[in-house]
Every structure is written in structure tokens, then in C-alpha cells.
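Peer 1: Residue strings, one per chain:
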Amino acid sequence: MARSDKTLLRRPWRTLVIAAVFAFDSLFGAFAPARAALQVRVDQGVTEPIPLAIPDFLGNPQAGRDIAAVVRADLERSGLFRSLSPASFIEKIVDINTPPRFGDWRTVQAQGLVTGQAVMQPDGRLKVDFRLWDIFGESQMVGLQYMTTPENWRRIAHLVSDSIYERITGEKGYFDTRIVFVAESGPKLNRRKRLAVMDQDGANPVFLTQGDYLVLTPRFNPTAQMIAYMSYIQAKPRVYLFDLETGRQEMLGNFPTMTFSPRFSPDGKSVVMALETNGNSDIYLMDLATRTTKRLTNDPGIDTAPSFSPDGKQITFESNRGGSQQIYVMNADGSNVHRISFGAGKNGTPVWSPRGDLIAFTKITPNYFGVGVMRPDGSGERLLSHGWQDEGPTWAPNGRVIMYTRTLQAGPGGAGGGSQIWSIDITGKNERRVLSPGDASDPAWSPLIQ
Amino acid sequence: MLKRSIIVSGALHVGIIAAATIAWPHALAFPADETPPNIPVDLVTIADVSNVAPTVQEQQKVETPPDEPAPPQPAAAPPPPPEAEVAPPPPDKTPTPKPKEAEQNAVPPAKPALPRRRPQAPQRFDVDTVLALLDKRTPKPVAPPPNAKPAEQTIKGLGDQSALSLDLKDALLAQMRECWNVPVGAPNPEQLIVQVRVFLTQDGSLAQPPQLEPATRAAAATNGYMRTAAEAALRAVNVCEPYKRLPPDKYDAWREIVMTFDPSKMIGR
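Top line first, the protein sequences correspond to chains A and B.
Sequential numbering from 1 applies to the first sequence in the numbering used here.
Sequential numbering from 1 applies to the second sequence in the numbering used here.
So that you can see chain A by itself, here it is in the shape it has in the complex (with noise of 0.2 Å):
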């Protein structure tokens, strides 16, 4: 009995230490101080290219030179990207179906690897296939294969160039567009100005009329294959349609007065452009099926430069109604007319973005021409590029880029001079000159080609 006692006191002992034991940790298991994250607000940095490494595609070796360089030469030109020089590659892709060595490409301080190949198939067609590497995340972001004839090579380079334009930044690339112009030539007395279209990167340019009449404002329709244009056919100053696929070129309408400054709805199916009577001008609505009008403006001032916004649902155009030449926004059906610009100077031919965020118009001052952008509502108003006379903005197809005409000052005795095209980042960065046959004037950005 003793001996038992014994051992219920002991027990109980023990029982007690163990169970204190874990009280003990529980308790400052539980509530132990968490180290808590470090917060850090990261507010600057820096607006650079991010490297890429582009190899020569492999396969046909002409093939893959070329769409390589067609490849980086897109991408650099966005300003978004840099190219490095293949002589700093460590690795030698032997395989685009393999992965490659992460590591190698870290030390060359690529951030993405495209690797791709362009190989002739029997049928005499080519087919290229790509692939874009994550290099820190080591994983392949997109993969594609085209197939098409060899003589389309350029097409795919530019295709490529906006799946990884559009992969890594996360908006449309507008590579495979292209862009019609009125290109000038000849003495200044004399000035030949012909319709002509050419590829986003200034390659293939085609004229489309001989320069017999003078041509001003093409823009393109959203199918990208019919352009409206103003032009002295016949000395009559009238807005045409021009047929890409066919040529075929026909006059909007039949009005007595001059018609200018054209440009498509977004769903293609209608025009709006000014329509000029007694000295005065108003913005009017022509559906392409029926040809009939609607007069959207009907002030003493005179209303032009009509563009829509992407849902259709507003336009925006300039006026002098206010005093001086300044930007308004209104409905559709012409109602709810409002001023939007009231910064210095005058304000003009202002253009819709089309992602709608934005509307680039052309800053004019006593000085100076320049290319601006601010919001529908008239806030936020920058101005992107300013020179001589920088005017008439048009937008890449994704809103990020905007192409306008440089004019430069002729010097004494009229030397130099002379019109180009230019582009400018919406974060008025990467301003660079668009390569052109001859003199330049009056771009507009098409869309994506289908």
C-alpha cells in the first residue's frame, strides 16, 4: 500500500512536469514575436530597353538572318526593347525544341532569349517557329509556328516581333501594319505629291496615284484596305475612296463645295469629314451603304479635323467657334459639344487613341509646332515632341505610339527644308525618324493587318 501511495505521488509528478513542459511550449510557440516582413516602397526606378538576346533563326540561313534582323530591328525600334550583340552569347542554339542554358544567357544579361527557326517545306512554303524564353523565371513565355510563302518572310518577322512585344509588355504589338502617306517630291514650285502606302518600318512603300493631283489627310479604314483621302481632281477639292485591293478610287458623294478631312468610324461603315459652304466649315456623317448625311456641327465657326473616339460613341474635332482654334469632344449624333483644351496657344487636329484613353492633337504657338496628348476630358495635357512645325498625329494601333509629320525650316536661300515622318513614345521617349522614299507628310497608322 505504501509502495503503491509511492507511486501515485510520484505519478502525478511527473504527469505535472510533462504537462508543464508543454505549456510552457505551447504557450511561447504560440504567441513567439513573428518577424514581421520588411516593408519597402519601391517608387522610383528606371524607363530602359529590356535586353534581348536574338539569335539568327536556324534552319535556311538566309530565312533565319532575315527574319532575325527583321525581328530585332522591330522590337529596338519600340524603344522598349534592346538587342545584344550575338557576339556576346555563350550559348550557340543548336535546338529551339530544347531549353536553353538559363545560366549561360543570366551572363549575358539577357532578360528574354527568342530562339527560332525557318525551315523551306517540300510544298515550297515556309515554315518559321519561335519561341521566347524567360531567362529568370527559366520557362518558355510563347511559342508559335506560321506557315506561309517564302516571299511573306517579312510579314512573319513582323508577326513574331508583336507575339513578344505583345507577350512581354502586355499590349498589341503594331509591327504588322502599315502606314499611308502623301510622299513629296520635285522642286518647290513644283511639288508632286502622290498617295503612297508603305510597311510600319518604312519597307515595300507602293504609290498609289502619280502625283497629277494634289493629295492631302489619307486614313485608313479598319479592314485596312480602303483609304479616304482629299484631293484637287480636276481642281475640285472632294474626298475619295481609295480601293487597296482593287485601285480603284471613287469620289464621297457629290456635293457642290468642298469636302475634306475624312476619317472612318471604328466599325468602318461610315465617314466623317467637314464639309466647307459660304466660307464656312461643319462636320458631317456619310454612312458608306446609303451615301446619305447627317450634319453633326451647325456653328458660324469653323468646325473640322473629326475624329472618333474607339466606342463610337463620341468624336472629337477642332473649332474656332471659341475665338481661337481650339479642341471640343461631342456625341456622336452632334450633341453635348464641349470644349476639352485650354492650354496656351492654339490647339488642333486632335486624334482618338485608339485604346481611348488619350487624344493626340498638334500644339500651335508663335514659336513653335508641336505633338501633345491629353485626356477625353482636356486634363492631363503633355506635350510629346515640339520642332518647327511638328503637326497632324496619328496612333499605332495599340495607343502607344504616335507618328506625325516633321516639316523643317529651310535655311537661307531656301536650302534644306523638306518634310519627314517621325514617331514618338507616348511617354515621349524614343523619338526617331520613320524611314521614307523621299519626303514625307500626312501619315496614318493602320491597324493590325488581317
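By construction, these hints were calculated from the structure, which means they are not laboratory data.
Please note that a few of the clues may not be correct.
[Claimed, not checked] With beta-carbon atoms standing in for the labels, derived distance ranges:
{"no.": "1", "chain 1": "B", "residue 1": "Y251", "chain 2": "A", "residue 2": "V119", "range": "51 to 61 Å"}
{"no.": "2", "chain 1": "B", "residue 1": "P242", "chain 2": "A", "residue 2": "R432", "range": "33 to 43 Å"}
{"no.": "3", "chain 1": "B", "residue 1": "S264", "chain 2": "A", "residue 2": "P222", "range": "27 to 37 Å"}
{"no.": "4", "chain 1": "A", "residue 1": "Q210", "chain 2": "B", "residue 2": "E190", "range": "25 to 35 Å"}
{"no.": "5", "chain 1": "A", "residue 1": "G356", "chain 2": "B", "residue 2": "P242", "range": "22 to 32 Å"}
{"no.": "6", "chain 1": "B", "residue 1": "P242", "chain 2": "A", "residue 2": "S185", "range": "32 to 42 Å"}
{"no.": "7", "chain 1": "B", "residue 1": "K244", "chain 2": "A", "residue 2": "A36", "range": "20 to 30 Å"}
{"no.": "8", "chain 1": "A", "residue 1": "A36", "chain 2": "B", "residue 2": "I6", "range": "38 to 48 Å"}
{"no.": "9", "chain 1": "A", "residue 1": "P86", "chain 2": "B", "residue 2": "E190", "range": "19 to 29 Å"}
{"no.": "10", "chain 1": "A", "residue 1": "Y368", "chain 2": "B", "residue 2": "Q202", "range": "23 to 33 Å"}
{"no.": "11", "chain 1": "B", "residue 1": "K244", "chain 2": "A", "residue 2": "R339", "range": "16 to 26 Å"}
{"no.": "12", "chain 1": "B", "residue 1": "Y251", "chain 2": "A", "residue 2": "Y368", "range": "54 to 64 Å"}
{"no.": "13", "chain 1": "B", "residue 1": "P242", "chain 2": "A", "residue 2": "T149", "range": "20 to 30 Å"}
[Stated by the list, open to error] Keeping only pairs whose Cα atoms sit at most 27 Å apart, straight-line, the calculated DSS-like set for lysine-lysine is:
{"no.": "14", "chain 1": "B", "residue 1": "K244", "chain 2": "A", "residue 2": "K172"}
{"no.": "15", "chain 1": "A", "residue 1": "K313", "chain 2": "A", "residue 2": "K172"}
{"no.": "16", "chain 1": "B", "residue 1": "K265", "chain 2": "A", "residue 2": "K429"}
{"no.": "17", "chain 1": "A", "residue 1": "K172", "chain 2": "A", "residue 2": "K429"}
Since this is a predicted model, take the numbers as computed values, not measurements.
We put the beta carbon where it would ideally sit given N, CA and C, even for glycine.
Using the hints, position chain B against chain A.
Peer 2: Leaving out everything else, chain B in the frame of chain A:
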């Protein structure tokens, strides 16, 4: 006998609870120099007043002469009129083998976490927080008199924590501003705020791939611009590795970092 055991047991429980109540706040205070208090107001203050010049050397740039785009064809010999170009067929399926899905790349799979306790929600009772609030009302210390003798040992107090926190943040910011390529071209870029959780080893390397915080991850899954912003932030964390400017002896303070990337100040620059 049983009664005595119950009494002993009860007394010991009371004793344990009393000991825990007394010892707990002290236990919280012990690692005070390891865990900076997380006071949001302090973050703003630090960002405003600190002005540590970046001393991180710029990354070596590989200069590359840009490839010239193919020159246009001469105007004198214009190509034939444009014909309907044969559009290439829509992209086929991704060539095989397919190593990984691109989408997975945005959020790299997490490697095994560090052998440490995950940060927890703020405790119900945080002595440091209370002291820090009191500390704010305390005037800043004036310069010591000339005859003041330095203490034999530095006392790790709350002020020291703030200074540590400030130094760490400035060191990090100085480095991050060289690596973060800000996506300012997106619409409303000021709204593209990204939070990334970073785990570091003591030598400043990434202990595991940086991770998007849940809110950022959710936004990036549905918004292309947000995904781009998130990927830019992840790239920045990767490009900046290793984080050599962080003091190894304060490793506990920076082993886990939540970086908030806010592009609002970079718009228009």
C-alpha cells in the same frame, strides 16, 4: 492522496499561468533588435526624410549597335501595286515538346520555404507598438554635451530599430531603383501597384523565387497590364540579386521583405 494531487496540480497550473503572464512581455522584448516594429506611418516618414544617395554601381551594359532596318526600296522603281497578302495561317499549337506554360512563368513555383515561422498577424498586445507610439511623442535627442562619455556598449533600443529600418530601406531603394523598369506606358499606370514578397539568404541571394502577394496575383490573372507590371516587378527583384548592401548581422530584419512597387511618381518622366 488524490485530493493532495489535485491541490498540487492546481497550484502548479496557477504558477505556470502566472509565470507565463509575467514572462511573456519580456519574451517579446528580447528579440527587439531583430524585429523592427511594423508601423505604417513610419514608412511614409522614412521615405520622405531619408536621402541616401544610391551607391550601387550601375549594371554593366552591353552596348549593341542597333541593327538598321531594311532600307525601303528606291522610289524610282516602285514595286507593283499591293495585292492582298496571303495572311499566314493562325498560329498553330505550340510546338512540342513544350517545356512549360508561359503563364506559369509569371508566378514561379515556390521552392521550399525557409525554415522559419511565417509572419503572423499583429498580436493582440504588442508592447513594441505601444512603446513606439510613446517614442513618437518624445523629443528627438539633442547632441550630447562635449564631456559626455560614450557608453561601453550600444544599447539596442527602439530608436536603433528605426535607424536600422531606415538604413535597410534606403539601401534597398538605392538598389531597386536601378533595376526596376517601370511600365509607365500603360493606361493609368499609377494604378498598377504591385506587391512582391522576397526571401533572401544571408549572403543577399534569393532564397527562393520572389512571390506575388495574393492581391497582386489575383489582379494579374485578369488584367494584362497588371500582369505586365507584376512581371516587371519580379524581373526587378531578379535583376537586382544579389543584395550585397544589406548588413549580414541584421539578417533577421531583411530575410523577408515585402516590396511595393508604385509607379505613380514615374509618370511623365
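Peer 1: Against this structure, judge whether each hint is valid.
Peer 2: Here's how the hints hold up against the structure:
1. B/Y251 / A/V119: 51 to 61 Å: holds, 53 Å
2. B/P242 / A/R432: 33 to 43 Å: holds, 36 Å
3. B/S264 / A/P222: 27 to 37 Å: holds, 34 Å
4. A/Q210 / B/E190: 25 to 35 Å: violated, 51 Å
5. A/G356 / B/P242: 22 to 32 Å: violated, 43 Å
6. B/P242 / A/S185: 32 to 42 Å: violated, 58 Å
7. B/K244 / A/A36: 20 to 30 Å: holds, 23 Å
8. A/A36 / B/I6: 38 to 48 Å: holds, 43 Å
9. A/P86 / B/E190: 19 to 29 Å: Given a distance of about 38 Å, which is not inside 19 to 29 Å, the answer is violated.
10. A/Y368 / B/Q202: 23 to 33 Å: Between A/Y368 and B/Q202, where Cβ atoms are some 57 Å apart, the hint is violated.
11. B/K244 / A/R339: 16 to 26 Å: violated, 56 Å
12. B/Y251 / A/Y368: 54 to 64 Å: holds, 56 Å
13. B/P242 / A/T149: 20 to 30 Å: For B/P242 and A/T149 the Cβ distance comes to about 50 Å; the hint is violated.
14. B/K244 / A/K172: violated, 38 Å
15. A/K313 / A/K172: With Cα atoms ~23 Å apart, A/K313 and A/K172 stay inside 27 Å; holds.
16. B/K265 / A/K429: This hinted pair holds, its Cα atoms lying about 17 Å apart.
17. A/K172 / A/K429: holds, 19 Å
The structure fails hints 4, 5, 6, 9, 10, 11, 13, 14 (numbered hints given earlier, in ascending order).
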